Amino acid sequence: MIEANLPILPIVVLLLGALMVPTFGMRNRAAAHPISLGMLGLFVIAAFGLFQKVMDDGIQHYRLGGWEPPVGIEFVVDLLSAFMLLIIAAIAVLVCVYARVAVRKEMPTKEVPFYGVMFIMLLGLSGMVLTGDLFNLYVFFEVSSLGGYALMAVGHRKAPVSAFRYLILGTLGASFYLLGVGYLYVLTGSLNMADVASLMPELVGNPALLLSITLMLGGLGLKMALFPMHLWLPDAYSYASSTATAIIAPVMTKVSAYVLLRILFFVYDQNLVHDILPIDGVILWLGLAGVTVGSIMAIAQKDAKRMLAYSSVSQVAYIAVGIGLANRWALVAAMLHVLNHAAMKCCLFLITGGVFQQTGSTRISAYTSLGRKMPWTFAAFAVAALSMVGVPPTNGFFSKWYLVLGAIDAGQWVVVAIVIASGLLTGVYFFRMIARIFTNPEAGAPVQEGARELPLSQLAPILVLAMALLVLGLFNSWIVNNVLLQALPPALQLGS
Amino acid sequence: MIRRDESVIIDVVTRAMVPIIQIFAFYVIFHGHYSPGGGFQGGALLAGSVLLQRVVFGRDRSQGGFPSRLGIPFGILGVFIYSGTGLWAQLSGGNFLQYDALPLGFDAAMLRNTGILLVEIGVGFAVMGILISIFDDLVEGGLRR
Amino acid sequence: MIQRLFDVVVGHWPYAFTVVLLVIGLYGMLLKGNLIKKLIGMNIFQGAIILAYVVFAYKKDGTVPVIMFDEHHHAIEQASRYMNPIPHGLMLTAIVVGVATTGVGLALLILIHRTYGTLEEDELMERLRRDD
Chain G
1 MIEANLPILP IVVLLLGALM VPTFGMRNRA AAHPISLGML GLFVIAAFGL FQKVMDDGIQ
61 HYRLGGWEPP VGIEFVVDLL SAFMLLIIAA IAVLVCVYAR VAVRKEMPTK EVPFYGVMFI
121 MLLGLSGMVL TGDLFNLYVF FEVSSLGGYA LMAVGHRKAP VSAFRYLILG TLGASFYLLG
181 VGYLYVLTGS LNMADVASLM PELVGNPALL LSITLMLGGL GLKMALFPMH LWLPDAYSYA
241 SSTATAIIAP VMTKVSAYVL LRILFFVYDQ NLVHDILPID GVILWLGLAG VTVGSIMAIA
301 QKDAKRMLAY SSVSQVAYIA VGIGLANRWA LVAAMLHVLN HAAMKCCLFL ITGGVFQQTG
361 STRISAYTSL GRKMPWTFAA FAVAALSMVG VPPTNGFFSK WYLVLGAIDA GQWVVVAIVI
421 ASGLLTGVYF FRMIARIFTN PEAGAPVQEG ARELPLSQLA PILVLAMALL VLGLFNSWIV
481 NNVLLQALPP ALQLGS
Chain P
1 MIRRDESVII DVVTRAMVPI IQIFAFYVIF HGHYSPGGGF QGGALLAGSV LLQRVVFGRD
61 RSQGGFPSRL GIPFGILGVF IYSGTGLWAQ LSGGNFLQYD ALPLGFDAAM LRNTGILLVE
121 IGVGFAVMGI LISIFDDLVE GGLRR
Chain U
1 MIQRLFDVVV GHWPYAFTVV LLVIGLYGML LKGNLIKKLI GMNIFQGAII LAYVVFAYKK
61 DGTVPVIMFD EHHHAIEQAS RYMNPIPHGL MLTAIVVGVA TTGVGLALLI LIHRTYGTLE
121 EDELMERLRR DD
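Same order as they appear, the protein sequences are chains G, P and U. Residue 167 in the working numbering sits at position 167 of the first sequence, with consecutive numbering throughout. Residue 115 in the working numbering sits at position 115 of the second sequence, with consecutive numbering throughout. Residue 130 in the working numbering sits at position 130 of the third sequence, with consecutive numbering throughout.
Bear in mind the hints are in silico, worked out from the structure with no lab data behind them. Warning: the hint list may mix true and false statements.
Claimed, not checked - Cut-off 25 Å, straight-line C-alpha distance, at most; resulting in silico cross-link-like pairs (DSS-like, lysine-lysine):
(1) 158(G) <-> 60(U)
(2) 373(G) <-> 302(G)
(3) 158(G) <-> 37(U)
(4) 373(G) <-> 105(G)
(5) 105(G) <-> 53(G)
(6) 373(G) <-> 158(G)
All values reported here derive from a predicted model rather than from experimental measurement.
So that you can see chain G by itself, here it is in the shape it has in the complex (with noise of 0.2 Å):
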């Protein structure tokens, strides 16, 4: 019975979990990490049962309430939804246990809220990926949206601001994605992705058609930080807690890009929306000038978080840029971009995270020579920034390896040099930070007192990120044949 049932198992999980965690911790705070990190184990273990079976079994189907599709609600686990679930549980799980420590010392009386509003969020994130039909995507979006104004409304004075405008400009997106299902509804009366998908061909020219795909890219968009619609996420970033933010940050914004993904080569045919409206040609450039200003605006800031917000928009820009190539090689390393940008800016955001706590400051200042004090953890930042700027043989090389093969298979050689630039961008403003936490303190200059290394619980998981990032290196190639070539849409399959 679990077995037929596993689909809907990572969100019974995480529904339980968001019920038991106000339940228990509203008699004994105390209870709310336990509880949280037990349904989130849970949880893990239900991505990777389900993960396990999609590559076993191919597609699983599940129908909610036992109805047929196209009429009822049906889960559809491909592979990339089943990669997507098993990189956000696993995201989860690592800050759940950094949190033990982070949550207690940065808000104390709001430990149980801040447990059950991240399950909702990842409730909404789960089901987002593992559903096949494009209102329950809404539904879903939204909750997890929501899920998301809350966490990052508490932290610096400023958070409730930024989250003020990230709950507009959020809302304003999710809205319009609404209007573009709807249209699609009026041209195909279904709401199933795989039904709409084969009622596509006959619909080509049809300028609704066009206007729920422009809908659909606009919304997304502007959920994703796409530039220009980037502009809620620095500080929306910089002003939440250092738990949310690295909760937040490595996830949300890429399941709006696999959302994207999905529409795009999955229910919208490729080839039918590029003749008439160059979608993807849009997705390209807006991709390319998010990297360019992304990279540059890192470059001029002050503070550490901000510095990886900026980085965040010019990395989910490079995975616009794999959905604007639109061929084979190029999407496999928007896919990898996905699992490396999770874990590299994870791990970024809960360094930085324990920085604040050790020294109350997220200013680069504030990081001077404190390698001497925090070894491990700056040994970790040096190894995520490696594999931001792109060295091998951490994962941050390869997915931009494919990215360069993918421009080169299209014949976009600009694509090529802004790539690699970018890179050199990103060394800038990486290696400025690595030179200073690492320079032995000037005699007589001030050191942070009291900063000292992080405990355990805050370490394990920076540790465990770090080594995943070479572990993801060296063993990509793995992955790119095994989980990301059988996850292209069918039209890019090789051999196809």
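Since the structure of chain G is already known, use the hints to place chains P and U on it.
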């Protein structure tokens, strides 16, 4: 707004209206699956009946109608009923929320009827609890903690 | 050409009204200087989308999607006599999502007011700048 210097008329009329609103709210919940209505609408009406008391009688005097500390527990109870029905269906051999797998002795159509009714009641409680707790938090800075 | 424009707008006047509401909502969300007005603009915007879906569901001479019985007590089962109930059902969910978002937005506004004492955007920006 929360002072008791208003007229007797508002007092008496409110006291008469609240049970009528609540009965109508239950009517809306129970008729949701084959006519306009349903869990959310009925829950909002139930919340409305309590909020009317909050507005007219003031926070302290209306605690007897619905204490503020029960807002979130009702919300959690509602979601438990909803997901419990779904899980019960799943543990009885169907898919999640597949009502005709529930082990009550009716035929399939009646089972679906009962299943959706349970779900609507759960949703009604959840919506009522949450709307009341939102109001209590937003007005006068909140009661708890 | 004017005749064609007239046909499109007046012939499809519910859609034109949807567009008007959408633009009013966008104007409120983006250009108004008070945070509560932005939230109200967001509500109007969502209302416009809900209206669009309800207009999609309309059929000429259609009635409420509750089964009618004719004079011989047989159920009338032709789908063309009833309006499409699916968009209505979808919009119930969308309304709930809107209410939840408004709730979260109002809670954030209370937090902002408690920290900064104002909800006017220009004053708020000034106080934020002074915070740095």
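Q: Output the numbers, in ascending order, of every earlier hint that fails for this structure.
A: Per hint list: 1, 5 and 6 violated.
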